[in-house]
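Peer 1: Knowing the structure of chain A, use the given hints to seat chain B on it.
First to last, the protein sequences are chains A and B.
Using UniProt numbering, you'd call the opening residue of the first sequence number 1 and step up by one each time.
Using UniProt numbering, you'd call the opening residue of the second sequence number 1 and step up by one each time.
Please note that the accuracy of each hint is not assured.
Here are the simulated DSS-like cross-link-like pairs (lysine-lysine), alpha carbons at most 27 Å apart as the crow flies [as the list claims (entries may be wrong)]:
(1) K514(B) / K502(B)
(2) K522(B) / K397(A)
(3) K171(B) / K149(B)
(4) K168(A) / K190(A)
(5) K168(A) / K149(A)
(6) K522(B) / K320(A)
(7) K255(A) / K117(A)
(8) K168(A) / K139(A)
(9) K78(B) / K502(A)
(10) K78(A) / K514(B)
(11) K36(A) / K117(A)
(12) K255(B) / K200(B)
(13) K190(A) / K149(A)
(14) K522(A) / K320(B)
(15) K397(A) / K320(A)
(16) K471(A) / K397(B)
(17) K190(B) / K149(B)
(18) K139(B) / K168(B)
(19) K548(A) / K514(A)
(20) K78(A) / K548(B)
(21) K117(B) / K397(A)
(22) K511(B) / K397(A)
(23) K552(B) / K36(A)
(24) K320(B) / K548(A)
(25) K514(B) / K36(A)
(26) K397(B) / K514(A)
(27) K139(B) / K397(A)
(28) K548(B) / K320(A)
(29) K195(B) / K171(B)
(30) K511(A) / K522(A)
(31) K502(B) / K78(A)
(32) K78(B) / K548(A)
(33) K190(B) / K264(B)
(34) K139(B) / K139(A)
Which bits of chain B does chain A cover? Going by a derived footprint, with three or more residues having C-beta under 8 Å, they are [stated by the list, open to error]:
(35) 70-76
(36) 111-120
(37) 488-498
Keep in mind that the hints were calculated from the coordinates and are not lab data.
This structure is a prediction, so every number in the text was calculated from the model and none was measured.
Yeah, the Cβ is synthetic: ideal placement off N, Cα and C, and Gly gets one too.
Number of protein chains: 2
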Amino acid sequence: MAKDPETSNSTVPDTVTFALAQAHFLVGDISANTQKMRTLALEAREQGADVIVFPELALLGYPPQDLLLRPSLSGRVKSALASLSDIDDIVMIIGYPHVDHHGTFNSAAILYNGQQKGFYHKQSLPNYGVFDERRYFDKGRNQVLFDYKGITIGLLICEDLWQEAPMKALKEQGADMVVSLNASPFETDKQEARKAILAKRSREHQLPVLYVNAVGGQDDLVFDGGSLVVQADGSIAHEAPRFLNHLLLARLDVKARQFDTQAKAPLSLSAESEMYQALVVGLRDYVNHSGFGGVIVGLSGGIDSALTLCVAVDALGADKVYAVMMPYEYTSQISLEDAQAQARRLNVSYTVCPIFDAVEGIRHTLAPLFNESPADTTEENIQARARGVILMALSNKFGHLVITTGNKSELAVGYATLYGDMAGGFDVLKDVYKTQVYALANYRNRLEDTPVIPERVITRPPSAELRPDQKDQDSLPDYDVLDGILRLYIDEDLSYQDIVDKGFDAEMVAKTIKMVDNNEYKRLQSAIGTKISHRAFGRERRYPLVNKWSVKADV
Amino acid sequence: MAKDPETSNSTVPDTVTFALAQAHFLVGDISANTQKMRTLALEAREQGADVIVFPELALLGYPPQDLLLRPSLSGRVKSALASLSDIDDIVMIIGYPHVDHHGTFNSAAILYNGQQKGFYHKQSLPNYGVFDERRYFDKGRNQVLFDYKGITIGLLICEDLWQEAPMKALKEQGADMVVSLNASPFETDKQEARKAILAKRSREHQLPVLYVNAVGGQDDLVFDGGSLVVQADGSIAHEAPRFLNHLLLARLDVKARQFDTQAKAPLSLSAESEMYQALVVGLRDYVNHSGFGGVIVGLSGGIDSALTLCVAVDALGADKVYAVMMPYEYTSQISLEDAQAQARRLNVSYTVCPIFDAVEGIRHTLAPLFNESPADTTEENIQARARGVILMALSNKFGHLVITTGNKSELAVGYATLYGDMAGGFDVLKDVYKTQVYALANYRNRLEDTPVIPERVITRPPSAELRPDQKDQDSLPDYDVLDGILRLYIDEDLSYQDIVDKGFDAEMVAKTIKMVDNNEYKRLQSAIGTKISHRAFGRERRYPLVNKWSVKADV
Numbered sequence: 001m002a003k004d005p006e007t008s009n010s011t012v013p014d015t016v017t018f019a020l021a022q023a024h025f026l027v028g029d030i031s032a033n034t035q036k037m038r039t040l041a042l043e044a045r046e047q048g049a050d051v052i053v054f055p056e057l058a059l060l061g062y063p064p065q066d067l068l069l070r071p072s073l074s075g076r077v078k079s080a081l082a083s084l085s086d087i088d089d090i091v092m093i094i095g096y097p098h099v100d101h102h103g104t105f106n107s108a109a110i111l112y113n114g115q116q117k118g119f120y121h122k123q124s125l126p127n128y129g130v131f132d133e134r135r136y137f138d139k140g141r142n143q144v145l146f147d148y149k150g151i152t153i154g155l156l157i158c159e160d161l162w163q164e165a166p167m168k169a170l171k172e173q174g175a176d177m178v179v180s181l182n183a184s185p186f187e188t189d190k191q192e193a194r195k196a197i198l199a200k201r202s203r204e205h206q207l208p209v210l211y212v213n214a215v216g217g218q219d220d221l222v223f224d225g226g227s228l229v230v231q232a233d234g235s236i237a238h239e240a241p242r243f244l245n246h247l248l249l250a251r252l253d254v255k256a257r258q259f260d261t262q263a264k265a266p267l268s269l270s271a272e273s274e275m276y277q278a279l280v281v282g283l284r285d286y287v288n289h290s291g292f293g294g295v296i297v298g299l300s301g302g303i304d305s306a307l308t309l310c311v312a313v314d315a316l317g318a319d320k321v322y323a324v325m326m327p328y329e330y331t332s333q334i335s336l337e338d339a340q341a342q343a344r345r346l347n348v349s350y351t352v353c354p355i356f357d358a359v360e361g362i363r364h365t366l367a368p369l370f371n372e373s374p375a376d377t378t379e380e381n382i383q384a385r386a387r388g389v390i391l392m393a394l395s396n397k398f399g400h401l402v403i404t405t406g407n408k409s410e411l412a413v414g415y416a417t418l419y420g421d422m423a424g425g426f427d428v429l430k431d432v433y434k435t436q437v438y439a440l441a442n443y444r445n446r447l448e449d450t451p452v453i454p455e456r457v458i459t460r461p462p463s464a465e466l467r468p469d470q471k472d473q474d475s476l477p478d479y480d481v482l483d484g485i486l487r488l489y490i491d492e493d494l495s496y497q498d499i500v501d502k503g504f505d506a507e508m509v510a511k512t513i514k515m516v517d518n519n520e521y522k523r524l525q526s527a528i529g530t531k532i533s534h535r536a537f538g539r540e541r542r543y544p545l546v547n548k549w550s551v552k553a554d555v
Numbered sequence: 001m002a003k004d005p006e007t008s009n010s011t012v013p014d015t016v017t018f019a020l021a022q023a024h025f026l027v028g029d030i031s032a033n034t035q036k037m038r039t040l041a042l043e044a045r046e047q048g049a050d051v052i053v054f055p056e057l058a059l060l061g062y063p064p065q066d067l068l069l070r071p072s073l074s075g076r077v078k079s080a081l082a083s084l085s086d087i088d089d090i091v092m093i094i095g096y097p098h099v100d101h102h103g104t105f106n107s108a109a110i111l112y113n114g115q116q117k118g119f120y121h122k123q124s125l126p127n128y129g130v131f132d133e134r135r136y137f138d139k140g141r142n143q144v145l146f147d148y149k150g151i152t153i154g155l156l157i158c159e160d161l162w163q164e165a166p167m168k169a170l171k172e173q174g175a176d177m178v179v180s181l182n183a184s185p186f187e188t189d190k191q192e193a194r195k196a197i198l199a200k201r202s203r204e205h206q207l208p209v210l211y212v213n214a215v216g217g218q219d220d221l222v223f224d225g226g227s228l229v230v231q232a233d234g235s236i237a238h239e240a241p242r243f244l245n246h247l248l249l250a251r252l253d254v255k256a257r258q259f260d261t262q263a264k265a266p267l268s269l270s271a272e273s274e275m276y277q278a279l280v281v282g283l284r285d286y287v288n289h290s291g292f293g294g295v296i297v298g299l300s301g302g303i304d305s306a307l308t309l310c311v312a313v314d315a316l317g318a319d320k321v322y323a324v325m326m327p328y329e330y331t332s333q334i335s336l337e338d339a340q341a342q343a344r345r346l347n348v349s350y351t352v353c354p355i356f357d358a359v360e361g362i363r364h365t366l367a368p369l370f371n372e373s374p375a376d377t378t379e380e381n382i383q384a385r386a387r388g389v390i391l392m393a394l395s396n397k398f399g400h401l402v403i404t405t406g407n408k409s410e411l412a413v414g415y416a417t418l419y420g421d422m423a424g425g426f427d428v429l430k431d432v433y434k435t436q437v438y439a440l441a442n443y444r445n446r447l448e449d450t451p452v453i454p455e456r457v458i459t460r461p462p463s464a465e466l467r468p469d470q471k472d473q474d475s476l477p478d479y480d481v482l483d484g485i486l487r488l489y490i491d492e493d494l495s496y497q498d499i500v501d502k503g504f505d506a507e508m509v510a511k512t513i514k515m516v517d518n519n520e521y522k523r524l525q526s527a528i529g530t531k532i533s534h535r536a537f538g539r540e541r542r543y544p545l546v547n548k549w550s551v552k553a554d555v
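With the rest of the complex left out, here is chain A (with noise of 0.2 Å):
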């Protein structure tokens, strides 16, 4: 693109601001995404910002998926864009998809009184994890600078950022600053790595960057906010707050190309605090817009249900969850009376439903099919899913959304029964290890000076309670090893051999990878959940179900 004569001024101002638009933009939402770009920007310009500059794909929210091939993207596009355009003196960089006859590419508008003075087509388009921007986009092929008030603008788009090209070639072109429209999910020590890449390539190109980041909760993605302004020397000047809305601002000075600094130090979050926000958040966002009133959790005494429970309430307020306890005879009264507590310490609305008659209809109608043979998993899968049926019904009937409790570990190794505990429409727990659900009960219990979660509850050996004196160390390994194999196994995408080198049993091993593999089909059926990790199960990890890839190479 052109400099672009008509937004540079020849009285350069000692200073131009900056708006920094961290806040959610809803997929598909077009309508509401234009509105709330016209009060931000409306309010930015009160403040007096010269600039505001929106997430990546804004206008449409972030990740659209298959919306972006319906063919009526283009129109209902530029008629936000148009409606945009009585908002003067401020200029607006705005994330939306292009379409033209070229293609369709993931762009960033510029708007300023009236007019589009130019866009930026993204190059970089990731098509790894939950990214499949290559689905989608073609690839922007030039660099695009605009001269705003005596400084030369860069624009870069998310993925960008994170390769060396696209920003050298900005500086080689001129630019004296880069703006950066991202819509980076939430991933454990993410913001960590934002801002080395972030301090890394300021500091190469000695240029200040204005990252900008969407938040809220998107299925199974959480945008996590944290937007950052980067001086050139590398060091941050701002770091807006994370998982809420927020608009910053950023006074550049244009004559030392410096941004003014904010006067605390960032709040740094711990792994437990920003990974626990993370799920209140994802599970907030998922129920809201899903339209649901509250939320059901089958309470079980046990801990994974108990964090569920506190998620659920930091999400949405104790007065939309309900809880359920549901117990039969292999509940033991300790179940009985932690669940209790814990809804009561939670001043949720709390139901205790036990579920004989239901296992005894069902029982009574297999009994001629089943001609007196042993129990097996069977009578305990008849039990979970006599629960699931009597959420679902609790569901249909008073319009609340089940949330499921499963752990990730749980997932791994398909310790959970389809149509069981596994009904549901979310599942806030999906993402996160057996491990770190004790990390985060500690966590939450810490926060209150009585802790929300009984003790007993985190200390007590876990339990499925399906038949008598089960543990679920009569099965699995102990989670502390089971979670090591797990991570190393999934997150970590290490073979059989290299897992073994690093210490772990061989037939442990073995036996966990088999597992793991073996229990594609349940993960197909499972419920969404908050990805925390950088490997979570569903979009992230495509494996196909019939696979015979054995744990030992063989051939």
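Peer 2: Showing chain B alone in chain A's frame:
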């Protein structure tokens, strides 16, 4: 790649014989796939073949998905290729994943007398529909040609042929003929499309083409074979059977650059016949490769379960199919009679298992919580879920796979119960619209003198029989109309306005689209089923769950 003098020959023979190895290569099973290649190569050589061509990625199976990211892949592939080095006197062209310091490629290796004579990397990587090739593969940049007994052979892999450039470049670089390796999944009318593109490309460049396709089911995909040998004038010299393993031999007259032609005309399959065969192969391979000894089907007396039962019997044999009729209060006498009649005619195990006790047990359990609230769809779902629990219990106890019977129309609009009739591992009719279900039922009935599906099952108005006198059309438009709208919206991606412009009632279109959009959450947890259309639910259609895209653009 330079032309290789070792594989050329100074005494040019009159003919060269090619073997097209149309076979099933299971994903991940490198060991068995390599063994199969050995067997086929020796058999082909025995039959006088000079060259044998295997399908795309045959060594690993297609589509391997994230197995391509496993760190041990490269080593396994190298060992496998090396293990074939003792096969001499036949050129083997093998589809395999190539990993080196340049990247990972979808490749074809040329093996001859223990040496790898070269390799070709696929240049056109599909990343649309069911394909995610840019998630895994780097793009090949060069044509590869090799000389053999006086002819120069150019290589292509699948998508390369559908693009203009690769074949054009092969011609320019002196190819006398083209060998194309494919893993092309079945869709209705796909074979005709393949023939059309092959005829076009051959004629355009006056090049004969060998088109080798894979065969067999892999999760939701079925590879339908139908490998083709095409003359330089675009005419078909040979066509391998559809849906079957087949070693096809074709002899090229070296001087004339012309293939011998098969005596009889290739079989032309009706639309119903190829759809039906795809369903049979998809189910058969899923069940067998998953290691199940049989399948369980819930028979309702309706047409969906009737057709599903036929497919199951044709796929697995009557002795591996277990039909269960689970009547309740609203099950009609007609349904009972017809379910029994189907099972008898197909000679499968048939059990009647009334669900009164199960439903009553569940209702009794819920009674204190429901407080005599009026009956609604909750009670209907309870019936469906009681059946789901019964079928899953039988599956758990006896080790058979529950197959589900939902069709594409139902799944599109959410006319199905999660964890109820949707419970099961494989949904035979998942990609079959209700109107196609009727067509296939009639097709299957025409195959035998005595129709296997009682006529009454086809002619009576469809009903879920979950409340008195219920009919599908109480809740849905006529299936002719519904399927008309669904095809335009889902398969053709038309907008609301475009569909209305085709003459459908505006309100009905809006209502239908809304049902489709609102039921993504059910589809997310649905079983897989064989893709037969060019827009199947599942990996081919990726929509957000939370999604405020409105039917009508309103910005």
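Peer 1: Hint by hint, say whether it matches the structure.
Peer 2: Results for each hint:
| no. | hint | verdict |
| --- | --- | --- |
| 1 | K514(B) / K502(B) | holds, 18 Å |
| 2 | K522(B) / K397(A) | holds, 18 Å |
| 3 | K171(B) / K149(B) | holds, 18 Å |
| 4 | K168(A) / K190(A) | holds, 23 Å |
| 5 | K168(A) / K149(A) | holds, 23 Å |
| 6 | K522(B) / K320(A) | holds, 23 Å |
| 7 | K255(A) / K117(A) | holds, 24 Å |
| 8 | K168(A) / K139(A) | holds, 18 Å |
| 9 | K78(B) / K502(A) | holds, 25 Å |
| 10 | K78(A) / K514(B) | holds, 24 Å |
| 11 | K36(A) / K117(A) | holds, 21 Å |
| 12 | K255(B) / K200(B) | holds, 23 Å |
| 13 | K190(A) / K149(A) | violated, 34 Å |
| 14 | K522(A) / K320(B) | holds, 23 Å |
| 15 | K397(A) / K320(A) | holds, 15 Å |
| 16 | K471(A) / K397(B) | holds, 22 Å |
| 17 | K190(B) / K149(B) | violated, 34 Å |
| 18 | K139(B) / K168(B) | holds, 18 Å |
| 19 | K548(A) / K514(A) | holds, 11 Å |
| 20 | K78(A) / K548(B) | holds, 18 Å |
| 21 | K117(B) / K397(A) | violated, 68 Å |
| 22 | K511(B) / K397(A) | holds, 23 Å |
| 23 | K552(B) / K36(A) | holds, 20 Å |
| 24 | K320(B) / K548(A) | holds, 23 Å |
| 25 | K514(B) / K36(A) | holds, 24 Å |
| 26 | K397(B) / K514(A) | holds, 22 Å |
| 27 | K139(B) / K397(A) | violated, 53 Å |
| 28 | K548(B) / K320(A) | holds, 23 Å |
| 29 | K195(B) / K171(B) | holds, 20 Å |
| 30 | K511(A) / K522(A) | holds, 18 Å |
| 31 | K502(B) / K78(A) | holds, 25 Å |
| 32 | K78(B) / K548(A) | holds, 18 Å |
| 33 | K190(B) / K264(B) | holds, 22 Å |
| 34 | K139(B) / K139(A) | holds, 15 Å |
| 35 | 70-76 | holds (count 5) |
| 36 | 111-120 | violated (count 0) |
| 37 | 488-498 | holds (count 6) |
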